[in-house]
Every structure is written in C-alpha cells, then in structure tokens.
Amino acid sequence: MSSPTSTPGGRKRNRNDIPATRSTSPPSQRRRGQDSSNADLPAMPTSPATDIASPTVHDTSLFSSPRRSVLPSEVDMSSPLIGARGTPARQRPDLGSVRKAPQVDLHSEPPSADGAVASEPSVGQKLVIWGTDVNVGTCKEKFQRFLQRFIDPTSNEDENAGLDLNEPLYMQKLEEISVVGEPVLNVNCGHVQSFDADLYRQLICYPQEVIPTFDMAVNELFFERFPDSILEHQIQVRPYNALKTRNMRSLNPEDIDQMITISGMVIRTSQLIPEMQEAFFQCQVCAFSTRVEVDRGRIAEPAVCRHCNTTHSLALIHNRSAFSDKQMIKVQESPDDMPAGQTPHTTVVYAHNDLVDKVQPGDRINITGIYRAVPMRENPRQSNVKSVYKTHIDAIHFRKTDEKRLHGLDEEADQKLFTEERVKTLKELAAKPDVYERLSSALAPSIYEHEDIKKGILLQLFGGTRKDFSQTGRGNFRAEVNILLCGDPGTSKSQLLQYVFNLVPRGQYTSGKGSSAVGLTAYVMKDPETKQLVLQTGALVLSDNGICCIDEFDKMSESTRSVLHEVMEQQTLSIAKAGIICQLNARTSVLAAANPVESQWNPKKTTIENIQLPHTLLSRFDLIFLMLDPQDEAYDRRLAHHLVSLYYQSEEQIEEELLDMAVLKDYIAYARTYINPRLNEEASQALIEAYVDMRKIGSGRGMVSAYPRQLESLIRLAEAHAKVRFSDKVETIDVEEAKRLHREALKQSATDPRTGFVDISILTTGMSATARKRKEEVAQALKKMIQSKGKTPAMKYQQLFDDLRGQSEAAITKDMFEEALRALADEDYLTVTGKTVRLL
Amino acid sequence: MPSSNDWINNPLGVVEEMFVQSNSNPEWEAKVLEYFKGKLKEKQAYSWIPSLNDVPLHYLKPNSLVKFRCLVQDMFDPEFYMGVYETIDPSTKAKVLRFGKYKDVTECGVDLNSRNTVTAERQTFYCVPIPGETLWAKETYARSSQARVVPSTSYIPSRQKRSYEEDDEMDTQPQKQREPHTELHANGDSKRQETEAPSGQTTSPSNASSPLDLNFPLPGERGPACLVKVYEDLDSFKLNDMLEVYGILSVNPLLSVLCEEKDPSASLLDPTESMETPEEQRAHDPPASLVPRLHMLHARPLQHNNPLLPSDRAEDQHAFVSSFMVEMASVRAEFLAYLTHILLGDGLAAEYLLLHLISSVYARRDVLPLGKFTLNLSGCPPNSSFTESLHQVIQELVPCTYRLSMTLHNMNSLRLVPRKDYVANRLVSGALQLARNTSLVLDETRLEQGQLDASGVQNITALGNLISWQKVDYDFNYHQMEFPCNINVFVTSEGRSLLPSDCQVPLQPQVTPPNLEEYLSTVHKAQLTSQINKFRVYLSVAQTLDYSISDEVTKAVEDDFVDMRKDDPQSVSAEDLHRMLVVARLLSLSLGQTSLSREGWMRAKHIDMLRRTRSQPQTTVNGNEP
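From first to last, the protein sequence lines are chains A and B. Numbering-wise, numbering that gives the first Met the number 0 puts 153 at position 154 of the first sequence, and it's gapless, one number per residue. Numbering-wise, numbering that gives the first Met the number 0 puts 230 at position 231 of the second sequence, and it's gapless, one number per residue.
These are calculated hints, taken from the structure and not from any lab test.
Straight line, CA to CA, 27 Å or less: simulated DSSO-like cross-link-like pairs of lysine-lysine:
1) K604/A with K554/A
2) K664/A with K470/B
3) K389/A with K237/B
4) K470/B with K554/A
Construct the entire structure; sequences and hints are all you get.
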C-alpha cells in the first residue's frame, strides 16, 4: 500500500479543471491582520499545499524544477527507518496530505515562484521548504534537541503522572512508547515555546510541513534508542495546547492553514466515513491492474488499459482499494465564551484514523488542529463558483476537558486563568478588613437587607475545604454548604435564587413543581441515530462543583425529594437503570426555597410544621433561614428608600455604588480554586468549645441541642469564611462568625414556638422536646381515663374525645387526641377501627 | 429623482466603479459604505427604496437596492469568501481583478491560485419579518413608500397574495410528479413558482417541512424570509434585534442550481459534500427565489416599528415627541374613554389596561427587570368572543401583537421556546421569539381541565419565566441559553390566572349588552381613523419617555410607606411597593409627565387601593356563596 502523498503520474492533469484546493490567499493580504506571528516573513504565498514529500527535498536543483520536485515519499519517510526493521509509515490525513499541491501555480506564476526559489540557493546551506522559512535539517535537529533536553520540573499535568520531573520529559515518554507500543507522542506546544520560540512559531505557522519533520526526527531518535521495538506504525507527533488558544469566535482568515487550539462542545458526530485513498482498477480483459490516487475527492478512471489497449475495460475493485477512516464532528463554542445576545457558532472538525470515535456528543473538548478553507466545489457545467469557502479543522489532537468532572477524584479540571492584574485587584480586595461585608452587600443588591441570609449564601458560594477520608473508610466529607430559605411568599426568595444561579458558572435552577426525580438526577436515553444508550445528566449532576437552586422545594414530590438524601450528604448519585449502574459525583451545594404550607408563615408553629418537610432532609441543611417581614419602622423606611431609588437611579450610578458582579464572580472562582484553608490550633479549640456549649444549653432542660452534624456545619462555615479572607488558616474569627451565623439561623428556624427556646430537635427529629413531652402526657391522661372507666371493651370515638376534653384542664385538639390514640395503639393497648376504640 | 436611479437600481455598478478607481487599495470598502450612508441621509431617500415587506419578490429588480424591515431570527456561522479575486479570460489570457463583496457568485474563470486573492469574512443572518406585525402598521409602511417598482401596477399586497397562495397549493402536487428528484432535492421543487412564501405553514406545524419551513416564530405568518449577509460590525447585532436593512438584493438563480446539482455518487468521495446534511443545506441554502439574499450596505436598528412616528433621525423624533407632549393629556382622556367602552364600562380596568400598554422594561438590576407590568384581567366572560374582540382592539392600537389561545391542546403541542436543531444547524423558532415591546395576549379563558404533558409543563414554565424575569431560556439541547426580552404580557382569565402577574384586575362590567360582539364592533367602528392614529402615536411616545423621581417625592413616598405599614404591616409588602412605584411611573408617563409628583403618587395609591378592594371581596365571594 503506497502512501497517497505522492504520485508522480497524477501530476500532469489538473490543467483544465479549476483546481479546487485549499485557500491560497497570501498571508500578506489576508484581512483583519493584527496577527504578528508571521509578520517577519517575506511576502511570499503560503505554500499552496506543499507536499508532505517536499520537506525531504535536500537537493538544490529540485527547487528550480518543480516537475521533479516530488520524490516518492515512501523513500524519504522510511529513510530514517533503515534500522527500524521496516516499521511502516502511516499516512497522516490530518495534515492534509490527501489534497495535493496544484502544480499549475508554479507555472502560472513563474516569475515570482522562480524568483523566490532562485534566491534560496544563493543563501547556501539555508534551504527552506517552498513558501515557508522552514529548513528541514535545522528543524529536525532542533526538535531532537528539544526531546532530549526538555525538562519541566513544575509540571503538574496529569499526563505526566509517574514520570520523573527532573529527567527529560519526552525521552521518558518515548520509553513509555517502547513499552506500551502506542506510537503516538503528544507534545505540549507550551513546552516547545519555552524551549525554542522560533521552532514554536514555525510549528504554528507551517504545521503541515513542520509536523512531518517532527515525525521524522522522533522516529530517528526512537529507533536509535530502542532498535528492537516493534510498533504498529511509525510514531506520530501530536502537538497540543497551541498557546494561540482561541475561542471559535475569534477565528478569522488569518488562521487558515495554521495550527490552532480551540475549545468547544461536541454536538454531533457523523458515522465513520471510509475515505478512499487509492483506487484499484483491474482490466476486465487482460486482468492488468492499476492503482489511481484519489485526488481532491475524485478518481480519474483510466479510459484505456495500458496493457492491452482496450478502451473502457477497467473496473474498480473495492476490496483492493485503500481506505482511511474519517469522521465529521460538529463542535459548538462553549456557552461561557459567548457574548450575550448572540447564538453560538459551530465549526466542522474532521477526525482521521485513530482519532475517530474518540469523542461523543456532549463532550467538552479542546481541539488542536489545522484550520482549513476549501472553496465550494466547482460545477462541471458551470464556470462560476460560489465565492464562499468551506472551513473546517483537521484534528490533530483532542483533549476532553470535562472528563474528570464526572468520574475523577478531585481537582477542578477547568481552572480558570486569571491575569496578574486581576489577581492583584482580588488580593487587594481581600486585604480590606471589611471584605466580608462588602461582598455580602454586593450579593443581589436589588434585594434589600436580609444581611445574614446573604452572608450565609456568600459562605455557601465559597464552600468549605474538601477533605478525603476514603482511606479510613468514611469517604469524602461534604464540603458544600446547603441552605434552605423559607418564608412568606413574595419575600424575594426566588429572586435570590435567580441571582445565585446567574452568578455561579455551574449553577442550575429548577423548580420543585416542575422537576421530577429524573430531571434532577440522570436518565438513560437511547440515541435515535446511533441506537446507543446515553446517560443524560440532570440538574444535580450538572451542577457538580456548583450550586443547584431549587425553588418551591415544598412542592416537590416525595420520590424526587428522596433523591436528595444521598446527594446532600454523600455527594454522589447512584443510578441503576437500563443496565447502567454507576455512581456519579454530585458535589453540589443545594440552595432551596420553600413556602409555608398555609400560604402565610404561622409563627405559632415550628419550622417543620410550617413547611411540612421530612426532618431527615431538613437536618441536611447547614443553615435554615426564615425570610419574614421584620415589621419595624426603621426597616420599612430603609426598604422604601431602597426600592424607590431602584426606580429612578440611572444605570451608571448603580454601577458605581457596588462591587461589580464580574469581580465578585472572579473573586469566588479564585478563592475556590486556590485557597484551601485548614484549621489551626486555636480555631479547633474554639470549635470544640462551641460544640460543647451548644450541647450544654440543651442538656440543662433535658434535651439535645446539638448533634455532630452541627459541628460539621460549623467547620464548613468557618472554612468558607477563611476563604472569603483568602486565608490559608481557619482562625478564631472565622469560627466566631460561623458560630454567630449558625446561631442566627437556628434562632430563626429552630425556636420552639411554645417555649421560646432554641431546640435543635425540631429539626433533627421533627418535634420539639416539649411537644414530645406534651404528647406523652396526653397519652397517659387518656390511658388513665380509660382505665378509670373500668372494663368496657369498646368505646365510641367521639364520646372518648369529649370525655378527655372535659377532664383535661388544657385545651385538647382533635389532632392531639388522635396522636394520643396512636401512641396508645403503638403500645398495643388499644386499636382504633372506624369510629370505635377497642381495648386489647 | 433621476440621480437616485443609479444607486438604487444598480448599486453594484457604483461599487464596481469605486473598486476600479481604488486600484486595489483596500480603502474602497469604506468609501462604498460612506457613499451609501450619505445617499440614504438625503431627505426622503428612505422612501424611494422599495421594501421587501410590501413588494413581492418577483416585482423587484435583482441586484437593486432594497430595504427590509425584519427581526434577526438566527445567526449562522461566519463564512469566508473571496473578497478580491482575479479572473483569467480563457481566450485572451487577460487577468482582471474583481471584487466578491456584496455578491454570491464569482465571475467566470477564477484563478484560484492568484496571489491577489483576498479572503474576507462575513456572516449570514436569517431574518424574518417582524413577528406579529399588525396589518395597520404594514399598510401604513407600504403607503408611505414612494418607490415606483412597477409603475403600471397599482399593487395591493393582501389581495394578490391570496390568489397566489391558492395557485401555490394547486401547483405543488403536479409539479412533484413531474420532477422525480423532488424526494432528494426537495429544496428545488418550487424554484419556478412566483410566490413570495409557501403558505403550507399556516395549516399546521406538522407539515411545516413541506415544501420549505421558513421558520417564522408565529404560526400563520407570511412574508419573505431573507438571508442577510453582513460585512461590517458583526458584533453589534444581536439575536431578536429589529432592523431595517438596506442592501443589494440577490436572487441569482445560479445559487439554487449550484446547491441543487450534486451528484449522489460523488458525495461519497467528496469531502466537502459530507459536511452538510440535506437538512442543513435546506436550512442554509434555500432557493433564492424563496429566500432571497440581501447583501447589507447599511442597517438601522429599530427602536419601535410604529410607522406613524418619525424614525429617520433622532432630532426629528425629538421634535415630534415634544410637540406631541402638549396633546398627551387630552389624547389620554379620549383613549381612556374608548377603552372604558371596550371594557364594558369598567373605568378602572381601562385605566390599568392603558398603563399596561405603555409599559416597557427600561432597565435591569441584576436579575430584576424594571418597568414590566404584566396585567391579569380576570372575570372575562368564558366561552364568548370577548377576549378575541379585545385582542382585535389591541391589534388596532399596537404595531406588534400576538394572541396565544391557551387551550390544552395548544399548550401541549405548541413550541413556545426556540430550540436549536443540530441536524439542520439552525435555531428553530418558537412563539416566544418576539421583537421588543410586542404585546402578547394570553387567553386563559380557553384553558380547560385536563392533563398537561411534559412539553405543556415546559411551556407553562417558560411563560412564567417570561412574566417574572422577562427572559426566555432557549433550548440548546446540551444547555440552555438565556435571552432577555421585553414583551408586554396581558393575561385574560376567568378567575385568577395560574400564571404569575404583576397586577390582577377583576373586570366589573357596568353594561351588559345583549350581543357582545355587536356592541364591541359598534364601539370600535365609532372611532375615527384619525383618532385611532392618535392613540397609536400616543402609546409609542409614552413608551419611550424618560422618567425621574425627585428627592422630595422620594421622601414623601418613603414616609407614606412607613405610615401605611404602621397601621397594618400586613397591608403593604415590599412587593406592593414595587408595584405601586411602577404604577406611579406609568401613570405619570401616561399623562406626559416625566417626573413623579406628589399628586401622581397619591393617584397611583388611590387606584391601587380601588383595585385591591375590588379583588378582595371577590375571593370571599368565591369561598362563601354558591
């Protein structure tokens, strides 16, 4: 199987067609030219698809005669491999070797082409590939030097795990190749740049010429080192992370034929397309066979058999033709890169050979590849062409950016990069003594007051420090803070939720009314095209490392709520459906809002009674706030002032007053990524004391007022507060604030309306200690009464109720009576059937 | 206007001239833009240019300058094209430099390897006529145009269209039989029809794919859709912007041929063919006879599409508004009287409807839109044509409106939220993709008991989001994207609406006409057109006015609020204050006052009080009496 990269025979046609090849706009004339990367080049046309073979051209004389300029590439490509026992070279359609250089332009532009070329030999040894400034020999040498010497002691890429950072990095990778046998060498362009900026520039500007040179260099080096290795094919170099990383929107004609790295999300992949590289024809008469290269998607069927001179006797034999794999991938720019109010752009990417099927729709990826533009295909019957180019990217390297998010252990995969100035402003802000207050007031400025709630949400946005106890068997400790807001309708709870949802990058907003368990978790779906089962993730999984805002929490169905139990403590989500069993990470903070059952908050009832949520779920919230109307005059006045000003201030005034939302966003992102506070000695002591105090409060009255969960909450809050200060240590002030906030929230939500004391058991068991005591008393009274009646096996329900009411000095409601009956039934003292009560 | 003929009838000639003069100096592009901008500045110049909105496509001269009043429905990916290229004459071998800007197709004999080729970038916007534009607005625009397209024809768009539509439906069938390829290249089958747009859309969304889905946001819309090629300031345009585009019309039949004639066997081998699915081709390269191309020379963003207001220049508009301000109060009184009649004598409801009609989102504080005023008119008689007639009245007053009948079937089957179709690579429109200040009437009286399915719940949620936050979350399959909007939502319902609203007014009819329809149509007919026109101007002007509150009044409002809360904290909440401030704002603006006065505030408080006393007893009535 010969490589398609050269066919001396096929070179003579094309004269009459309008050659439809890649764009040939000279770089000097491309528009929007702010790009300086190739400014130092002479105004020469970019090589119009310089052949993969040409890098190997060393003979000066070849340049002056383009007709001979192409040598069979196998010879050249295999030349370093003489000692390699003939490991076959593999085509690289990703470098565009499929489409070949039109010979015509060398003839059509003899003066310029020859002029340019003619000047080359005079430079002496400094030979370059036509149209570029790349000298194959130097380039190869430089790259080999890079491979042999490059050391990156600060590397923290996961790919380099297990490598000795003080040894040449890429030599270790070559060794790995010799062991594993996967003949692909990924090269970080950032490394190349820091090693040799000039080489890097050449790589970016002329990837089509430079990468094959790299290939040669690597193979020479490799087979020199490991002469006994057996590889499937020769090593291919795959550069990635071209520092010119762009978002899709900024691609412009400048970038054509250059190497680029863009990020985006895969939205569609095509089926595998077998692309014919070489057609095999056989004569039906004399069985003479011939091979024809596919040239720009066309096969020139030989009209006459060269052997027997029969016309039209040649037939295509599919089985003996050579094909390569290809796949079309549509990539859409990621939502974060887009300006508001516009629709996302998409780009077509072609994956070749082993890159086929590497990505799935929905993946977020970084693609490194060569940007191409192809004119619309000409129509044989038409001499006009559409003046539009089709653009695509030939992928060289894929890198998934979200892989670790779902399955990995830790570390935010997408570390946001901050400019130095930004970091400086953020640090300046952090140094201010009132940063905590500043930030909390910057949060949802349109919502008035509720300072503590905003502070709570602020701490939630920062989160605690993640701790891993999996080795001791406890698994991950939850670092996320969960908050529940309850209160009267119309107290801007939803607005707060909306604000938070808009603030955090990975926020999700759902309403309890509309969401099902499936919408929250994940479900398995059959892809209509591929018939493949796909896991579609719901809001909770999508907000991993973010915040899931759930409005109308109380209206959520029982089964949906039950899903939250696992998520809110274990931070994982288990799925067993349609044969897929997996556990997904859902390290999400939950910010929920609930309305009271009776439309208005009843201050005479406990939180649980008011919102009717199971206490098992409530106890998983670190902070439960009531958003009630405070009803005092000063507050009213401030509120009124605030609202009125909302309606007449101009936008600029508003901007000035407050911290920008963007700064707040960055501040949070920075703290979440870089600050991992740990408890110091004093803080630990303070926490212990706080916890002991909390337990003491209750024990005096015979009830438990704190559980270990509350201690954990305190720790999380203290850590979050330390993060707000950009401090690596959790200090006493952090603990103090955590205590204060926690107490405030408790005061609001866990106050027993009957006694006025804070009673944590309202939240943990759903009933205050006094209420429980009272219940027992009623049950006892009822029992006594029944006993006093003597041996009556059955009683009327209503009668009993009236009697009890008459007897008791306190008012007894029907609910209380029923509860007492139930309690006695549990004791197996009696049973209730319909309207009669029977003793057992 | 002989001098204008050239730049209107043959703009490409003008461009050509400048291109040749420039001697491949890239400045020619700026010159071209300047020239056309200058020409368009001339008095009345706007009205000489024929508009795609009111002249059928086949009456327009190809490659002439036309204008198009439209909404940006979708933005396609940017494309690279040959900005400048060289051609070789096959016989003489002479090389000529040509420009590709403002053109779809190149000249013969392109030299693809020329060093003089310049690649440039442009973007295509899919534009549709402004959704829900009312008949009067369209007609007034058409009347004001002085373009003489076909001098001999006195062309009446609406009547002509009807007959064409019928032709169209009869035509498609036989044609399909004649052309065996229609299955494969369905986009070509109607290329010879002289219709403006296929009307298959109007019947039901299910057969929208045949013959060609023009992707209008609202069902039953018609008019040309257009692919607008944009060359400059790509970033300044946003989705759902209202634009008046001035550009060169290109209906080159070659375009259809170029995309139609592909040979199925070649598509396997040709890499460029496999890039696009047939659906994508249909969406992005529809036949030019159905979806003409428009190469933009100039675009004017429209703040409103009221033809009665001068839209040309800022100073004109300013003068117009200040002269109208004097009349405001008197027009308001007349208008209120008119609305009161319409609302069966209910003055309070009329007042609120008036406020609703002039409301507009004027700012956003973080997520909170300010100035929106969603009105819920409850107590509408069910199963009568009242709501329909009410919408007809609104239709006569505002430039853009749409009535969504919230039947169970509609809620379950309609697509309200635009959705990205990745197969065709386009944004499939939904009924909530509307231009700014469109009046959306939700008729809840049509809603019956029954089961809402998943899409029904989504639709209701989308409506709720629209009302509360003035935003629509477009569905991009893998994620959602939020597009802020500014739509006046008016909900008519029997009881209290299930949708949220800023303000609910129960209708209390003072008159009970035996025949509702007849009554309304007589009230409606009694108004003179000149008067109606005044109302139309009134609404648009009131919507655009600025507004402020002085410190003194701020203080008074604060005091008032504190006092109210002192007596009974339950009586007034922050929410109520929000609403009253909006009411006060709108009330002042409706009277032509640009700042809040003490009286204005008291008035706002008063009518809010009236409204509340009205809705409170109603709830108890529902509870206690049979």
